[in-house]
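Trainee: This is what each chain is made of:
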Amino acid sequence: MRFEHKDLLDIESLSVRDITMILDTAEGMKEISSRPVKKVPTLRGKTIVLFFQEPSTRTKLSFDIAAKRLSADTISISSGSSSMVKGETLIDTAKNLEAMNPDIIVIRHSSSGAAELIARRVKASVVNGGDGLHAHPTQALLDMMSVREKKGRIEGLNIAIIGDITHSRVARSNIIGFTKMGAAVTVAAPPTMIPAGIETLGCSVAPDVESCIENADVVMMLRIQKERQESILFPTEREYSMLFGLNSQRLRGARRDVLVMHPGPMNRGVEISGDVADGEHSVILEQVTNGVALRMAVFYLVSGGMKNAD
Amino acid sequence: MRIRLKGARVLDPGNMDDFKDIIIADGVIEAIVDPAGKDEPCKDEQLYLSDENGNATQKGHPDKSMVEIDITGMVAVPGLIDMHVHLREPGYEYKETIETGLRSAAKGGFTAVCPMPNTSPVNDNSAITSFMVSRAREIGGCRLYPVGAITRGSKGESLCEYGDMKRAGMVAVSDDGRPVSNSRVMRRAMEYARGIGLPVISHAEDLDLAQDGAMNEGVVATRLGIKGIPNAAESTMVMRDIALAELTGASLHIAHVSCKESVDAIRHGKSRGVKVTAETAPHYFTLTDEACSGYDTNAKMNPPLRTEDDRQAIIEGLADGTIDVIATDHAPHSILEKDVEFDRAAFGIVGLETSLGLSMKLVQDGRLSFEELIKKMARNPAALLGIDNSLKPGNSADITVIDMDSFWSVNPGTFLSKSRNTPFTGFSLKGEVYLTLVQGRVAYQRHDGGNEIDCIPEI
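The listed protein sequences derive, respectively, from chains A and B. Quick note, this note's numbering runs 285 ahead of the 1-based positions in the first sequence. Quick note, this note's numbering runs 8 ahead of the 1-based positions in the second sequence.
The hints are simulated quantities; they were obtained by calculation from the structure and are not laboratory data. Heads up, some of the hints might be wrong.
What the hints assert, rightly or not - With a straight-line cut-off of 30 Å between C-alpha atoms, the simulated DSS-like cross-links for lysine-lysine are:
#, chain 1, residue 1, chain 2, residue 2
1, A, K465, B, K369
2, A, K291, B, K346
3, B, K235, A, K511
4, B, K438, B, K369
5, A, K345, B, K235
6, A, K291, B, K235
7, A, K380, B, K426
8, A, K380, A, K345
Being a predicted model, the structure only gives us computed values, none of them experimental.
Just chain A, with the same shape it has in the complex (with noise of 0.2 Å):
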């Protein structure tokens, strides 16, 4: 079996058998960062470049600890240092990183569609680390991983979204992905940050958190972005963590295995109260160790897999 993809740029265009073969490899490739040399020569010679237009630290390092595991070289560019800042398009910014011949270009980006339009105008594989509202296609696969591991499906499960969906690209690949993958996703926040037809991805939308946690499986809480306040989303964060936060009581409402899982940075006392941040439920840590396994996977299939490996 090989990876079809040149590029992961988003969840949609991805089949069961291409999800179901990142997480195998992801799998596999875990073992690697537990051992006292981390670092196998699967993609030496190989550059990655990482291109942030947006500010990022935990998916940047993820990226990064991902391929030098790999023995692949790391440029990291971010949009203070590149020459976007000085007016050059993202598309001359491609061009010319294209012409440096690097072998994948993480890229994450303000702009919805700007992992799509890098990728039809370079040969470099792209993987999406992040396109606006659009997708975030590896968090939804090293979540995927995070359950996969932990309940041995995902298929048939129920999973909780709350919190902002019309600003996350996290819930928007996630819904996208675990429906994809057999489980029942219901999200559930303010109507402000619910958008239109978003049944159209697969979810259902509950009336109020506490019917949207009830048996699920899995509850992942998506970040309160405080910066979007001056749009009205809702009133203060005291009433939202009133209404939406969860807490250990209203967990209860869950099954009693339920998974706890959030993208990060968590605003403690918000979406989430610190003891259940910190809980037995939750494997928010596990999110992020698997992070690097799942990246090292899609580094590894998109540069070709099996032919490319020493």
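Assemble the complex: chain A is given as a structure, and chain B must be docked to it using the hints.
Mentor: Chain B only, in chain A's frame:
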């Protein structure tokens, strides 16, 4: 110089629809007569003798200055008028100039266009208006009737000198591109414009509701992760302006109607007797927001492409007379502004050269009669702007000749516009402009390989 357009069906809505020959003398329609060979007037005409200036002098000898153009099988209609275009000059000549815009218009069958005021500087005083008019006269070809700004600098604060600008050639005022948010200012503008005898063209958009949106709010925007613009951003302002027109008695024209709720509001306003008219553009009855899939910036315009329900409502509005005019909102942009991230791309598409072909589709699909279409593309905009473009003796020979059966494919490479931003590349269309005459002179003619009309002066 006299011309005889012979053999065509002559369609002038409300006036005639028959096989006639049109005789043009010195740029003016001299007579519309039965086809050559069938009756006397024709023979008479061929017996005119002309003097050295080309003027007919006496009967009895063949008129050597009479040029015959055989357009058998085609349809001659009053010159089409596009009352909503952006020609970008002055200020944005890298996108379009008055010259390229007028050539593009003539190729699209238009004998007159109305450029919107959002140039740089804004057309908010008679000097700019005069510049546009005189520039168009220098170029010749398609006519230009400027639309001026409602407020100075289009800032939405104080009124422009409508009276002075009208003397310089302005035919209407509009806030296109920068809506007048302040209802009191809009009210005063309507009152004042009524006094001057000018229609007010409203770009209906609530900027707060539309904020940051880049396409229609709905399923497709949700899937693409693009911020949406709801229908209500348009319809609420349509309703406001209809209420203000009712209050002031002004003639209100709603620009580029894109959604169902606006059509309903206009229909209701008309039924109450409000002086409101409306236009839509071919893209709104041809495409839906699905065209934005793949982040195609050539499908990004404002107002945005809506849903299939809205598209059908627009067609119904055209069919029942709620929407009076088809205009293009021709909005040329350079590749610099379109070959970028979707949310950063400029709004708008070029439309002059595809308008008739796309609109003909409504006739071919049985949604609109051909006569109705010509009303909406020629007679209604003329009536709104106080222009008489009907085909009758004494009127200027502004005539569009359409080859109804010609199939053609949209190829932006052949556009005469300076810009290429169209979502219709590769569309197969039926019905094409064969000849555009302005004041009896050729503003555009389709080149059919050796069959050119070389004896009429081109502009």
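Trainee: Does the structure break any of the earlier hints, and which numbers would those be?
Mentor: 1
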